[in-house]
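K.L.:
Using the sequences and the accompanying hints, generate a full structural model.
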Amino acid sequence: GVVYGYLVSSKNEPVSETIYLAQDIAHDQPDLPITVSFSLQSDPRGKVNTETGFFYFDEVEPRENYVIAILAGAAEPVFILEEGTEVPLVIEVEAGQAVDLGTLIVDLY
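Throughout the sequence shown, residue numbering follows my numbering, covering 1 to 109 in sequence.
In case anyone wonders, no lab produced these hints; they're calculated from the structure.
Treat the hints with care, as some may be off.
Said to hold, decoys possible - Quick list of simulated restraints, FRET-style, between CB atoms:
(1) D100 <-> T50: 36 to 42 Å
(2) Y4 <-> E76: 20 to 26 Å
(3) G102 <-> E64: 17 to 23 Å
(4) K11 <-> D31: 35 to 41 Å
(5) T50 <-> L101: 17 to 23 Å
All C-beta atoms in this analysis are idealised placements derived from N, C-alpha and C, irrespective of residue type, glycine included.
P.N.:
Put into structure tokens, the structure is as follows:
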């Protein structure tokens with residue numbers, strides 16, 4: 001599958017940081033706290049246009065629990081959240097399908 005969209009800051013500027021598709025391993029267990037598994041070595045890395053903020057992940061394995069992790073410097077990863085919440089946005093990818101996430105606003109700094 002393919003996942004794509006735009007990443008912009010709260011100041012409406014393109015985000016040009018490195019992004020990955022991590023996994024919320026407790027997504028189907030609401031009684032457990034959010035548990036994100038993230039690996040620089042094995043998680044899919046996205047491609048980002050630094051001038052526009054357009055991003056995409058291609059050849060993504062089907063799964064129903066992806067979350068976008070952003071690496072900004074040496075800090076801990078920042079996860080894209082559902083609008084107005086502190087809960088990571090969970091993305092489902094089906095084989096052969098494209099997922100348009102639209103414009104995602106993230107505040108990194």
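K.L.:
Given a hinted range of 17 to 23 Å, is it respected by the beta-carbon distance of T50 and L101?
P.N.:
18 Å, holds
K.L.:
Can you let me know if the beta-carbon spacing of D100 and T50 is within 36 to 42 Å?
P.N.:
At roughly 20 Å between Cβ atoms, T50 and D100 fall outside 36 to 42 Å, so the hint is violated.
K.L.:
A range of 20 to 26 Å was offered for this pair. Does it hold for the Cβ distance of Y4 and E76?
P.N.:
25 Å, holds
K.L.:
Could you say whether the range 17 to 23 Å given as a hint is met by the Cβ separation of G102 and E64?
P.N.:
19 Å, holds
K.L.:
Hint says 35 to 41 Å; check whether the CB-CB distance for K11 and D31 agrees.
P.N.:
38 Å, holds
Comparing the model with each numbered hint stated earlier shows that hint 1 is the single one that does not hold.
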